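Chains A and B, in that order, are what the protein sequence lines are. FYI, in the working numbering the residues of the first sequence are 1 to 81. FYI, in the working numbering the residues of the second sequence are 1 to 81.
Incorrect hints may have been included.
Each pair may be met inside one copy or between any two copies, as identical chains are not told apart.
[As the list claims (entries may be wrong)] With a straight-line Cα cutoff of 25 angstroms, these simulated DSS-like cross-link-like pairs (lysine-lysine) come out:
1. Lys54 / Lys10
2. Lys26 / Lys10
3. Lys26 / Lys54
If you are wondering where the hints come from, they were derived from the structure by calculation, not from laboratory data. Keep in mind the model is a prediction, meaning the values are calculated, not measured.
Protein chains: 2
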Amino acid sequence: MKAHVYVTLKRTVLDAQGKTVAQALKGMGHTSIADVRQGKFFEIDIAPGADPGKVREEINEIAREVLANPVIEDYRLDIQE
Amino acid sequence: MKAHVYVTLKRTVLDAQGKTVAQALKGMGHTSIADVRQGKFFEIDIAPGADPGKVREEINEIAREVLANPVIEDYRLDIQE
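Model the full assembly from the supplied sequences, consistent with the hints where possible.
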């Protein structure tokens with residue numbers, strides 16, 4: 001069982017890193033790029049014995065309290081059996 | 001039109017950041033976590049006038065040459081119409 005947690009800056013927060021990448025790409029002639037936002041993700045292997053019913057709740061708690069900063073970041077979970 | 005590029009360290013490369021997160025989570029009592037690998041992703045907005053037929057090739061080139069280091073990293077594309 002695997003869980004993916006995707007963390008991005010909120011839309012309202014300036015993403016300087018993404019803006020820099022977008023500018024660099026435009027400067028290299030990639031004119032079809034309108035905007036870039038950068039985020040991070042975590043690929044989490046769940047131990048075989050874990051209770052599948054509790055995994056989503058636990059991963060959600062981990063994402064909210066450890067992996068993301070909910071003040072400035074959004075996160076999204078994707079849990080695969 | 002949007003493209004997502006996901007970049008992770010290759011399986012054979014030690015992911016010190018992921019290992020640190022995994023250790024921290026285990027130390028906090030999250031015993032159902034077996035392993036964590038960390039990566040980054042880029043959410044790319046494609047300009048409205050871009051040729052959809054060429055976008056995949058262009059994003060692939062950008063991922064390979066700018067966003068990822070193919071020596072130590074793998075990348076994955078996800079292009080949404």
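Evaluated hints:
1. Lys54 / Lys10: neither (27 angstroms within a copy, 30 angstroms between copies)
2. Lys26 / Lys10: Result: close within a single copy only, 23 angstroms intra versus 28 angstroms inter.
3. Lys26 / Lys54: Only across copies: Lys26 and Lys54 sit 16 angstroms apart there, 45 angstroms inside one copy, limit 25 angstroms.
Hint 1 alone, counting from the list given before, is not met by this structure.
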